[in-house]
Amino acid sequence: MNAIEAQGIHKVFNPGTDEEVIALQDIDLQVVAGEFLSLVGPSGCGKSTLMRLIADLLQPSGGELRVNGKAPAQARRDRDYGMVFQQATLYDWRSVSKNVQLPLEVMGYAKAERVKRAQAMLELVELGDFLEHYPWQLSGGMQQRVSIARALVFEPSVLLMDEPFGALDEFTRERMNMELLRIWQATGTTVVFVTHSIAEAAFLSQRIVVMTPRPGRITQVVANPLPYPRDFQTRADPAFHALVTQLRDLLRDAVGASDNPRKA
Amino acid sequence: MIRARLVNYLPTIAVAVTVLLAWELLVLLFDIQQFLLPKPSAIFAEFAYQVGLWLAPDERSILFESSGATFWEAVGGFVIGCGSGVLVALITSRWTIISEATMPFAIAANSVPIIAFAPIMNNWFGITNPASKMAIVAIIVFFPTMINTVRGLTLVDARQLELMRSYAASPGEVLRKLRIPNALPYIFSALRVASALSLIGAVVAEFFGGPRATLGVYITQEASAFDFAKAWTAIMMASIIGIGFYLTVLMLERRLMPWHVSFRVE
Numbered sequence: 001m002n003a004i005e006a007q008g009i010h011k012v013f014n015p016g017t018d019e020e021v022i023a024l025q026d027i028d029l030q031v032v033a034g035e036f037l038s039l040v041g042p043s044g045c046g047k048s049t050l051m052r053l054i055a056d057l058l059q060p061s062g063g064e065l066r067v068n069g070k071a072p073a074q075a076r077r078d079r080d081y082g083m084v085f086q087q088a089t090l091y092d093w094r095s096v097s098k099n100v101q102l103p104l105e106v107m108g109y110a111k112a113e114r115v116k117r118a119q120a121m122l123e124l125v126e127l128g129d130f131l132e133h134y135p136w137q138l139s140g141g142m143q144q145r146v147s148i149a150r151a152l153v154f155e156p157s158v159l160l161m162d163e164p165f166g167a168l169d170e171f172t173r174e175r176m177n178m179e180l181l182r183i184w185q186a187t188g189t190t191v192v193f194v195t196h197s198i199a200e201a202a203f204l205s206q207r208i209v210v211m212t213p214r215p216g217r218i219t220q221v222v223a224n225p226l227p228y229p230r231d232f233q234t235r236a237d238p239a240f241h242a243l244v245t246q247l248r249d250l251l252r253d254a255v256g257a258s259d260n261p262r263k264a
Numbered sequence: 265m266i267r268a269r270l271v272n273y274l275p276t277i278a279v280a281v282t283v284l285l286a287w288e289l290l291v292l293l294f295d296i297q298q299f300l301l302p303k304p305s306a307i308f309a310e311f312a313y314q315v316g317l318w319l320a321p322d323e324r325s326i327l328f329e330s331s332g333a334t335f336w337e338a339v340g341g342f343v344i345g346c347g348s349g350v351l352v353a354l355i356t357s358r359w360t361i362i363s364e365a366t367m368p369f370a371i372a373a374n375s376v377p378i379i380a381f382a383p384i385m386n387n388w389f390g391i392t393n394p395a396s397k398m399a400i401v402a403i404i405v406f407f408p409t410m411i412n413t414v415r416g417l418t419l420v421d422a423r424q425l426e427l428m429r430s431y432a433a434s435p436g437e438v439l440r441k442l443r444i445p446n447a448l449p450y451i452f453s454a455l456r457v458a459s460a461l462s463l464i465g466a467v468v469a470e471f472f473g474g475p476r477a478t479l480g481v482y483i484t485q486e487a488s489a490f491d492f493a494k495a496w497t498a499i500m501m502a503s504i505i506g507i508g509f510y511l512t513v514l515m516l517e518r519r520l521m522p523w524h525v526s527f528r529v530e
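The listed protein sequences derive, respectively, from chains Y and Z.
Quick note on numbering: the first sequence equals residues 1 to 264 in our numbering.
Quick note on numbering: the second sequence equals residues 265 to 530 in our numbering.
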């Protein structure tokens, strides 16, 4: 079964005005349940917009979008997906454990169940010793792990991640990538991962959707031949380099075609 | 621990002592008349005398009675004004249309010198009725509290709101779990300002008339009788109450939001 199905999706911002922007054009995409899929492309290619359409934070201007076979608004009401943003967006006034319990509170879980689930989830992201800490007492990487725990604690079938590691330093980012793969394999969640890092997309995903701007569209969907589990050696694998090169060429050709300075 | 604290406060204490000494010396050196500026030592002596009267079982200290009366006017007005400010903000922010319609008036009203209504309040509630002073204080603190609370309830990070939306949270849950905690720092910064404003409001309102045993009346009467040591002692009392009030609000703030940036201990 497909977790996400998009057919002929259009998104136009400020239609009919001088500021009209075609953010997405003719988007066709199927995400298989349990799959790890990345959307990669430069700024303005509409990758975040596409994710926000899936999350029902925006409405498409045209086309058909289904999440778990339902309209996105219904999927949202059924709590089918969890979200992680570039910023951890934790609540300052809540402890780590209470932050992770937030969605459970909104969804009406009993207190004992909330505490148990939050603890189990925080142990999964290796923050079991930080339950009573406050967000400001944690590093950026730890905060982002809390926000991943918060997104997964109610066991959504889909995890939407919008450049979650974009604000982290390179070392933390690589560690978080491996951590995320471990969590993905432990939970079996479908992951849609937005990034502008080619290497990150190549390291993480089973398939990589290459997107290009003006107007935002899908240039190609590339299957990743690298086997799991992936670790430090993966980045040294010649197949990894070949994939990164292929993705880079795709992006360069496409961006060059739409962004040629001689045409401007 | 205590020693380290003392060292921290040492510069502050040194400044206070230096200023008081310089004041005393200036008055002596230039032979300034006591009705222009009394010596700090004279003010402290008067204060000690009043404390003695207050502690003695069969004596009365008009100064302490006045301080008590003014304090309760300020606190009463503070509670009524700030309480209704927060309440009105909660109601208006629930309906964006209402808050957008009322905010410009609230901001305009906030720049009006409300103390000018004091004589009118005296007519409305009666010049010796503490309600006339409480009313002034309440109006003075109402607007800053309301405006800040509305800001705190509405200036919420867009991501936080999207997160709540992704949980399909109801508007009531967004209010309780996100908007109100988000507004707390805004509310408390208004309350801190209001605590100082409420005492100013009460004392100045009393300048326009009130019962004998209130600080504003006490100060005007002692000043017109040229007993400036007494007037200055009353001013000192007003300052002590004002600072005490402010520190109480600050303590409450620390208790209620230990997570806030300003109280973090690394």
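Simulated from the structure, these hints should not be mistaken for lab results.
You may find that some hints are simply not true.
Stated by the list, open to error - Using 16 Å as the maximum straight-line C-alpha spacing, the simulated EDC-like pairs for lysine to aspartate or glutamate come out as follows:
| # | chain 1 | residue 1 | chain 2 | residue 2 |
| --- | --- | --- | --- | --- |
| 1 | Y | 98 | Y | 132 |
| 2 | Z | 441 | Y | 155 |
| 3 | Y | 116 | Y | 132 |
| 4 | Y | 98 | Y | 113 |
| 5 | Y | 116 | Y | 92 |
| 6 | Z | 441 | Y | 113 |
Because the structure is a prediction, the values reported are computed rather than measured.
To see whether the hints hold, each was checked on the structure:
1. Y:98 - Y:132: Within the cut-off at roughly 8 Å; holds.
2. Z:441 - Y:155: With a Cα-Cα distance of about 21 Å, the restraint between residue 441 of chain Z and residue 155 of chain Y is violated, given a limit of 16 Å.
3. Y:116 - Y:132: 14 Å, holds
4. Y:98 - Y:113: 13 Å, holds
5. Y:116 - Y:92: Violated, because 22 Å separates the two Cα atoms, which is more than 16 Å.
6. Z:441 - Y:113: 19 Å, violated
Checked against the numbered hints listed earlier, the structure breaks hints 2, 5, 6; every other hint is satisfied.
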